[in-house]
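*Asks:* Line order of the protein sequences matches chains A and B.
The opening residue of the first sequence carries number 1 in the numbering used here; numbering runs sequentially from there.
The opening residue of the second sequence carries number 465 in the numbering used here; numbering runs sequentially from there.
Take the hints with a grain of salt, since some may be wrong.
[Unchecked claim] Okay, derived cross-link-like pairs now, DSS-like style, lysine-lysine, Cα gap no bigger than 30 Å in a straight line:
| id | chain 1 | residue 1 | chain 2 | residue 2 |
| --- | --- | --- | --- | --- |
| 1 | B | K892 | A | K82 |
| 2 | A | K411 | A | K215 |
| 3 | A | K411 | B | K892 |
| 4 | A | K289 | B | K548 |
| 5 | B | K620 | A | K33 |
| 6 | A | K177 | B | K892 |
| 7 | A | K289 | B | K537 |
| 8 | A | K82 | A | K24 |
| 9 | A | K288 | B | K892 |
| 10 | B | K697 | A | K24 |
| 11 | A | K82 | A | K289 |
| 12 | A | K26 | A | K288 |
| 13 | A | K379 | B | K892 |
| 14 | B | K549 | A | K289 |
| 15 | A | K411 | B | K549 |
| 16 | B | K549 | B | K537 |
| 17 | A | K379 | A | K462 |
| 18 | B | K697 | A | K22 |
| 19 | A | K411 | B | K870 |
| 20 | B | K697 | B | K574 |
| 21 | A | K411 | B | K733 |
| 22 | B | K844 | A | K24 |
| 23 | B | K903 | B | K892 |
| 24 | A | K22 | B | K620 |
| 25 | B | K548 | A | K462 |
| 26 | B | K620 | B | K574 |
| 27 | B | K537 | A | K411 |
| 28 | B | K574 | B | K537 |
| 29 | A | K89 | A | K131 |
| 30 | B | K574 | A | K288 |
| 31 | A | K82 | A | K33 |
| 32 | B | K537 | A | K288 |
| 33 | B | K537 | A | K22 |
Because the hints were derived from the structure by calculation, they are not lab data.
Bear in mind that the values here come from a model prediction, so they are computed numbers and not experimental data.
What follows is the residue order along each chain.
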Amino acid sequence: MEQNTLNYDFDEESLGFEEPDKAKAKPLGFGEKLSLAVLGFGILMFALQSMGMPPGGTWAGFLLVFFPVLFGTAFYFYLSFKGTVPGIKHDNIYFRGITSRGILGWLIGVVFTGFYIALYWFPEYLAGGIKIVNPLSMALTGSPANNWFFYGFLYTVAVLVFGVRMFMKYRHNRYQKIRTASVMFFQLGFAFLIPNILMLFNQPEFYLSYFWPLKPEYLFPGTFSYFVNHPGGLGMFLVFWGAVMSFVATPILTYYFGKRWYCSWVCGCGGLAETMGDQWRQLSDKSKKAWQVERWVVHSVLVFIVVTTVLLWINSATSGAVFGEASMSLKKWYGFYIGAIFSGVIGVGFYPIMGTRVWCRFGCPMAAILGIFQRYLSKFRITTNGDQCMSCGNCSTYCEMGIDVRAYAQKGENIVRASCVGCGVCSAVCPRGVLKLENGGTFKDRFPGADKPLGALVDSLKNV
Amino acid sequence: MSAAYGKSAPVRGEEKSAMRIAIIGNGITGVSAALSIRRLQPDWEIVMISGESSFHYSRPALMYIFMGHMSYKDTKPYEDSFWKKNRIDLVRGWVTEIDAAGKSLIMHEKDPILFDRLLIATGSRSNRFGWPGQDLEGVQGFYSLMDLRLLYENVKGARSAVIVGGGLIGIELAEILHSRNIHVTFLVRENSYWTNVLPIEESRMINRVILEQGIDLRLLTELKEIVGNDSGKVRGIMTGKDEFIECQIVGLTAGVSPNITLAKKSGIKTGRGIQVDWSFRTDTPDVFAAGDCAEIVTEGEERNLIQQVWYTGKSQGRVAGEVIAGGQSKYDPGIWYNSAKFFDLEYQTYGMVTNVPAEGETSFYWEHPDHSRSIRIVTKDGTLRGINVMGLRYSHRVCESWVAQKRSLEYVLDHLGDANFDPEFYEKCEAEMIKEIRKQAA
């Protein structure tokens with residue numbers, strides 16, 4: 001054997017592979033520079049106005065901030081992808097600090113987390129920003145902006161501009177384009193415009209795209225009586241809508257399409273993960289250990305919500321005679337720990353550290369219910385193309401839900417996992433055309449034993 | 465770890481008592497064999513030895529590490545705990561000689577490893593055709609983690625590279641160097657990329673993709689000489705047309721050959737590869753070889769069989785493992801299939817599609833007007849021989865069954881949509897394909 005082969009002793013396990021040298025980088029084009037300058041102008045305007053400079057709080061001030069921010073960012077993404085050949089764009093993901101838990105990634109994590117802490121507990125620190133969006137709030141809702149309006153607006157802006165990025169990044173892939181358009185549509189219409197406009201007409205603020213158990217209060221007795229007694233009849237409709245979506249539409253749609261109809265096409269949490277979060281999807285933990293933790297935690301949250309809902313109703317029916325304040329404190333506890341800390345601070349704040357679907361994977365009770373349906377009673381599956389898999393691992397790497405897709409693909413098995421949100425990125429990044437998301441003709445042929453869903457459920461409980 | 469294997473004597477004896485199996489190489493062949501053996505023989509000892517890496521990784525994923533798509537860790541198909549759980553012992557080190565009579569592996573700077581049965585799965589090595597200057601600093605192939613490390617060194621300060629050899633590894637190397645903004649000149653000896661395998665139309669689609677990326681593709685151009693500077697580093701190459709191209713990296717990717725160095729040195733019979741029968745037995749008792757390094761001696765065929773792709777490595781390993789575990793399996797190459805991706809253009813092939821139709825074969829071809837997709841259907845005596853698709857995904861199982869069942873062209877066209885494996889919402893072109901192919905068949 002050659003001596004230099006015998007001398008090879010690189011420890012790939014502990015040293016890994018860093019970024020290789022790069023020949024001189026291509027300079028940014030004029031359009032890209034201009035877009036960034038416009039974005040910078042918007043951010044500067046935001047900073048100045050939130051410190052009290054004029055014309056903060058007027059339409060002029062609002063437009064001076066958000067027109068440049070929206071169009072600067074959107075055009076930057078548009079131009080930076082337009083100059084490339086359509087295809088998978090994952091070069092350098094593991095070399096950039098921002099996408100590989102480097103200093104910049106941690107910094108963004110701290111900023112996001114800080115924002116959520118301010119939003120939930122110290123909204124006074126956001127007063128400057130809230131003032132800037134005030135004109136829009138007045139126009140849409142008829143009342144001054146508060147921290148929640150400000151948050152909803154920023155959230156929608158993020159989904160829209162990063163939606164442009166996602167759209168350009170996957171412009172060779174129609175599934176991704178249509179899906180991205182869908183999350184942008186539902187965020188803008190159902191999660192932002194409609195709830196706010198409902199308020200303008202003195203109707204309850206209601207998100208048509210969120211249901212119990214993700215919005216557990218929609219089926220809590222307090223909300224129920226508030227809606228039902230709301231003048232005009234719309235409240236009654238909204239209660240009806242919520243109940244039908246939770247108990248009729250959800251099982252039926254999940255049976256036909258898997259949980260993706262909601263999680264990666266409609267839901268706002270999914271919407272942000274699939275747009276702004278796309279660059280961090282590879283950070284999800286793929287280990288078996290993480291899968292175990294995931295199943296315990298997410299199903300515990302579901303059980304907690306079901307119990308709380310039931311207790312609240314018993315409490316309400318008995319006028320508090322049975323449980324007294326206990327059920328109310330459960331409700332508050334949920335609002336604080338699950339609603340605020342889990343879905344906000346960790347769910348989005350930790351995007352650059354733990355990946356984009358931490359909340360969806362470990363915390364969301366809606367995802368838990370949809371997952372149980374998807375696993376045992378749905379036609380959805382990801383099929384493997386014969387023996388074409390060569391175990392490269394792109395699918396597992398880019399699975400935001402931390403599913404080890406390759407473990408199934410290399411054995412030629414279908415992927416039928418409760419957590420799969422059907423984003424379709426595993427199929428997109430596969431260099432051998434192995435994976436395909438499908439709604440089959442029946443739920444029975446997806447895996448051995450799938451024809452007896454109850455039996456499969458019992459079997460899987462043995463492995464927790 | 466090695467001491468334990470060196471000192472305790474292996475259990476010898478009947479088929480059923482616990483044996484110790486050593487496997488040289490932790491690539492897909494070695495791993496597939498190990499898993500087969502473990503499945504059939506729960507009590508046998510299995511030792512898998514590699515000097516390249518501590519754990520099995522996916523060789524086709526090397527390129528993604530260099531481009532930053534994946535970390536090294538992501539390329540490992542199994543969690544590290546998997547090996548312990550399956551009681552497959554992993555040894556990091558180089559085997560320098562096989563003592564077949566003494567049933568022992570001589571290791572580099574480690575105690576010997578004793579075995580009852582041995583599988584050699586040493587894979588391939590990059591071809592070098594004795595080009596002047598091929599040993600200069602900056603010249604390399606791209607096959608192993610060693611090559612990847614070497615590329616990290618060679619890429620330092622490099623502005624341009626020349627790739628020699630128009631095959632699958634060449635285009636991968638071109639792609640990954642291009643991703644580091646290194647100017648790539650790609651020399652292809654033939655009149656179009658990979659035409660010793662692909663028909664000219666598919667090949668031209670890839671030429672187009674290569675040029676679109678900004679790679680300087682030089683067809684009908686050969687390497688004459690690699691030119692170095694005073695310190696022994698590459699400074700450029702001379703083409704067959706006596707044109708000098710400046711570069712700091714030369715990628716030699718003119719195919720691979722079975723890595724037989726160790727077997728040859730140890731007196732195991734080799735030809736182009738390590739010669740084995742259809743059950744992967746070498747001429748030496750209890751020594752087997754499979755995967756890229758093996759040459760299956762065929763009776764009555766024109767050439768012996770050497771297969772050097774991922775899939776054949778996987779299935780050869782599986783069968784070799786069954787035989788080593790005491791089974792009677794014979795390797796059945798089955799119906800050929802393969803796939804690749806050329807920059808962003810995917811390719812799949814099922815059955816036999818040769819670059820030029822063989823005697824008695826008819827080839828039907830459709831290409832999308834924008835050159836993004838194509839399909840080729842080859843028939844012989846009215847029945848299906850093979851299918852090529854570019855920019856499309858077709859179902860392995862469906863295409864394989866059509867070839868196996870010798871379906872007629874009419875049958876294939878009538879059911880063409882069943883084979884489409886593209887993601888949902890993709891534009892379906894089957895109607896145009898069928899129309900065009902019917903026209904060609906008429």
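*Asks:* With reference to the structure, classify each hint as holding or not holding.
*Replies:* For each hint, the structure was consulted:
no. : hint            : in the structure
1   : B:K892 - A:K82  : 25 Å, holds
2   : A:K411 - A:K215 : 39 Å, violated
3   : A:K411 - B:K892 : 28 Å, holds
4   : A:K289 - B:K548 : 16 Å, holds
5   : B:K620 - A:K33  : 29 Å, holds
6   : A:K177 - B:K892 : 16 Å, holds
7   : A:K289 - B:K537 : 16 Å, holds
8   : A:K82 - A:K24   : 21 Å, holds
9   : A:K288 - B:K892 : 38 Å, violated
10  : B:K697 - A:K24  : 21 Å, holds
11  : A:K82 - A:K289  : 40 Å, violated
12  : A:K26 - A:K288  : 41 Å, violated
13  : A:K379 - B:K892 : 22 Å, holds
14  : B:K549 - A:K289 : 15 Å, holds
15  : A:K411 - B:K549 : 18 Å, holds
16  : B:K549 - B:K537 : 19 Å, holds
17  : A:K379 - A:K462 : 24 Å, holds
18  : B:K697 - A:K22  : 19 Å, holds
19  : A:K411 - B:K870 : 27 Å, holds
20  : B:K697 - B:K574 : 34 Å, violated
21  : A:K411 - B:K733 : 34 Å, violated
22  : B:K844 - A:K24  : 53 Å, violated
23  : B:K903 - B:K892 : 19 Å, holds
24  : A:K22 - B:K620  : 8 Å, holds
25  : B:K548 - A:K462 : 23 Å, holds
26  : B:K620 - B:K574 : 34 Å, violated
27  : B:K537 - A:K411 : 20 Å, holds
28  : B:K574 - B:K537 : 26 Å, holds
29  : A:K89 - A:K131  : 38 Å, violated
30  : B:K574 - A:K288 : 34 Å, violated
31  : A:K82 - A:K33   : 14 Å, holds
32  : B:K537 - A:K288 : 15 Å, holds
33  : B:K537 - A:K22  : 22 Å, holds
Against the hints set out earlier in the document, violations occur for numbers 2, 9, 11, 12, 20, 21, 22, 26, 29 and 30.
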